[in-house]
Amino acid sequence: GDSVTQMEGPVTLSEEAFLTINCTYTATGYPSLFWYVQYPGEGLQLLLKATKADDKGSNKGFEATYRKETTSFHLEKGSVQVSDSAVYFCALSDRSSGSARQLTFGSGTQLTVLP
Amino acid sequence: SQTIHQWPATLVQPVGSPLSLECTVEGTSNPNLYWYRQAAGRGLQLLFYSVGIGQISSEVPQNLSASRPQDRQFILSSKKLLLSDSGFYLCAWKPTASYNEQFFGPGTRLTVL
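Those protein sequence lines, which keep their order, are chains Y and B. Going by my numbering, the first sequence opens with residue -1, and the numbers climb by one from there. Going by my numbering, the second sequence opens with residue 111, and the numbers climb by one from there.
Any given hint could turn out to be false.
Distance windows between CB atoms, simulated [as the list claims (entries may be wrong)]: (1) 56/Y / 207/B: 24 to 30 Å; (2) 38/Y / 123/B: 18 to 24 Å; (3) 183/B / 13/Y: 39 to 45 Å; (4) 83/Y / 149/B: 17 to 23 Å.
No lab work stands behind these hints: they were computed from the structure. All of these numbers come straight from a predicted model, not from anything done at the bench. Quick reminder that beta carbons are idealized off the backbone N, C-alpha and C, glycines included.
Just chain Y, same shape as in the assembly (with noise of 0.2 Å):
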């Protein structure tokens, strides 16, 4: 079955240091991307998203580049702030998965930015 791995955490990091949190999946079939930030006490936001191979995933900074030689989707922002504090979960989905096309996720990575 198909299944994503995430770098474990916690992850501290101070303000303005460059930030890389490692994903790796396994599918079934050829999957799409995504990473989403869940903020304290929130639902879970998309962050990015790339669906085809190649394809560079960014918003606000943040980049992922779905790599299908490596089945990669490493996260990574150049200077993260205060305000990045959150876990951050990568997940799949794959047309493999019938008509309910559910996600996967992996564990999530809390991240903490220090001032």
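Chain Y is already provided as a structure; the job is to place chain B on it using the hints.
For chain B alone, coordinates are given in the frame of chain Y:
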């Protein structure tokens, strides 16, 4: 534009009491609907999903049930809550024919005492 609502936002219930959480979606028709639970410090667990009115699929055998009485309404219920039912419950929707992302509601924080 589409919006998704959940209520209540927070709930504190005693063990053995019933539960009803509601989720409604506006601005779309015939969505796929999903219920997730997030225990403290853990990832997301898919509980139920629905591809149409009255069609419910359960992912995890448990103390909970779900219903979809209307196209854009999804209800999570329990007859008798357990301590282990505490958590953050998230509803999500997705266009039926899309392979793409799900859109999440604001969640309900349930504490069972």
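Violations among the numbered hints: No hint contradicted; all consistent.
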